[in-house]
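**Student:** Chain by chain, the residues run as shown.
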Amino acid sequence: ILNVEQSPQSLHVQEGDSTNFTCSFPSSNFYALHWYRWETAKSPEALFVMTLNGDEKKKGRISATLNTKEGYSYLYIKGSQPEDSATYLCAIKSGGFNKFYFGSGTKLNVKP
Amino acid sequence: SQTIHQWPATLVQPVGSPLSLECTVEGTSNPNLYWYRQAAGRGLQLLFYSVGIGQISSEVPQNLSASRPQDRQFILSSKKLLLSDSGFYLCAWSTGGQGAYNEQFFGPGTRLTVL
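Here the protein sequences line up with chains Z and H, keeping their order.
If you're matching positions, the first sequence starts at 155 in the working numbering and goes up one per residue.
If you're matching positions, the second sequence starts at 123 in the working numbering and goes up one per residue.
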């Protein structure tokens, strides 16, 4: 079982603020990192898949970076909007099997 | 397109009663299937995964079991529920194989309360 940690546990920001949070994981046997967005009363949906050290992904105002050597990924949201309010999960896939290990998530609340 | 169904949506069961949660996937074949649980205030914990019919791997020892009687059907069961089995259960599927980019697609979840 892989230990995946996310911080902070929760975050309250004002509309228009930029924010970022962290996913930390063991750097050994790394295969891939997936970011998911989980809105209340909905199912988690994939945001990004990252595999290479130094990877950067962007989708609209959301972007992510990956450092596999030191075992962390950052998720950034520029100019937060109320509709960004959700729990953001990261999951690590280790080599060998198609298994995912999730962190406990960062719950983001954006106030209008 | 692919869809994933999970039922029931909510369930309230007494301690010691049996459990059966069902998950089915449409629009794909030979998927990898997963059961996760989110206990109150915690993250998603992988309970079981399956790469094919009758092939079940358990991640943690627990009071639950899983079965895959058909290619696109995944069932989570218990003979006697414990209070600690309460939580939100999610079924998910991904494309078969071990590709790094095989993202998971989640069902709507089941809220289980054991009293």
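Rather than coming from a laboratory, the hints here were simulated on the basis of the structure.
Bear in mind that the values here come from a model prediction, so they are computed numbers and not experimental data.
The beta carbon of each residue, even a glycine, is placed where N, CA and C say it ideally should be.
It cannot be assumed that every hint is accurate.
Selected chain H positions facing chain Z (Cβ under 8 Å, derived; list incomplete) [what the hints assert, rightly or not]:
| id | residue |
| --- | --- |
| 1 | Arg164 |
| 2 | Ser172 |
| 3 | Phe210 |
| 4 | Val236 |
Taking CB as the label site, the calculated pair distances span [as the list claims (entries may be wrong)]:
| id | chain 1 | residue 1 | chain 2 | residue 2 | range |
| --- | --- | --- | --- | --- | --- |
| 5 | Z | Tyr228 | H | Tyr223 | 14 to 22 Å |
| 6 | H | Ser139 | Z | Thr176 | 24 to 32 Å |
| 7 | Z | Ala200 | H | His127 | 14 to 22 Å |
| 8 | Z | Val167 | H | Gly163 | 27 to 35 Å |
| 9 | H | Gln177 | Z | Gly233 | 41 to 49 Å |
A few chain Z residues that don't get close to chain H, going by computed Cβ distances all over 12 Å [said to hold, decoys possible]:
| id | residue |
| --- | --- |
| 10 | Glu199 |
| 11 | Ser258 |
| 12 | Lys265 |
**Student:** Quick one: are Z/Ala200 and H/His127 within 14 to 22 Å, going by C-beta?
**Tutor:** Check passed, 19 Å falls within 14 to 22 Å.
**Student:** Can the suggested window of 41 to 49 Å be confirmed for the beta-carbon pair H/Gln177 and Z/Gly233?
**Tutor:** holds (46 Å)
**Student:** Is it the case that Z/Ser258 keeps its Cβ farther than 12 Å from each residue Cβ in chain H?
**Tutor:** Violated: least Cβ distance 3 Å, not greater than 12 Å.
**Student:** Take the C-beta atom of H/Ser139 and the C-beta atom of Z/Thr176, compute their distance, and say whether it sits inside 24 to 32 Å.
**Tutor:** Violated, at about 41 Å.
**Student:** When the nearest CB of chain Z is found for H/Arg164, is that gap smaller than 8 Å?
**Tutor:** Hint on H/Arg164: holds, closest Cβ of chain Z at ~6 Å, below 8 Å.
**Student:** Between the beta carbons of Z/Val167 and H/Gly163, is the distance compatible with 27 to 35 Å?
**Tutor:** Violated: the Cβ-Cβ distance is about 21 Å, outside 27 to 35 Å.
**Student:** Regarding the hint that H/Ser172 lies at the interface with chain Z, is the smallest CB-CB distance below 8 Å?
**Tutor:** violated (10 Å)
**Student:** Against chain H, does Z/Glu199 keep a CB gap of more than 12 Å to every residue?
**Tutor:** violated (8 Å)
**Student:** Was Z/Lys265 rightly flagged as not at the interface, with every chain H Cβ beyond 12 Å?
**Tutor:** Given that every Cβ of chain H is farther than 12 Å from that of Z/Lys265, nearest at about 22 Å, it holds.
**Student:** Check the following: the C-beta atoms of Z/Tyr228 and H/Tyr223 are separated by a distance inside 14 to 22 Å.
**Tutor:** Holds, since Z/Tyr228 and H/Tyr223 (Cβ atoms, about 20 Å apart) stay within the stated range.
**Student:** Can we keep the H/Val236 interface hint, with Cβ of chain Z closer than 8 Å?
**Tutor:** With a minimum Cβ separation of about 22 Å from chain Z (threshold 8 Å), the hint on H/Val236 is violated.
**Student:** Next item in the hint list is H/Phe210. Is there a CB on chain Z closer than 8 Å to its CB?
**Tutor:** violated (11 Å)
In summary, the numbered hints that this structure violates are 2, 3, 4, 6, 8, 10 and 11.
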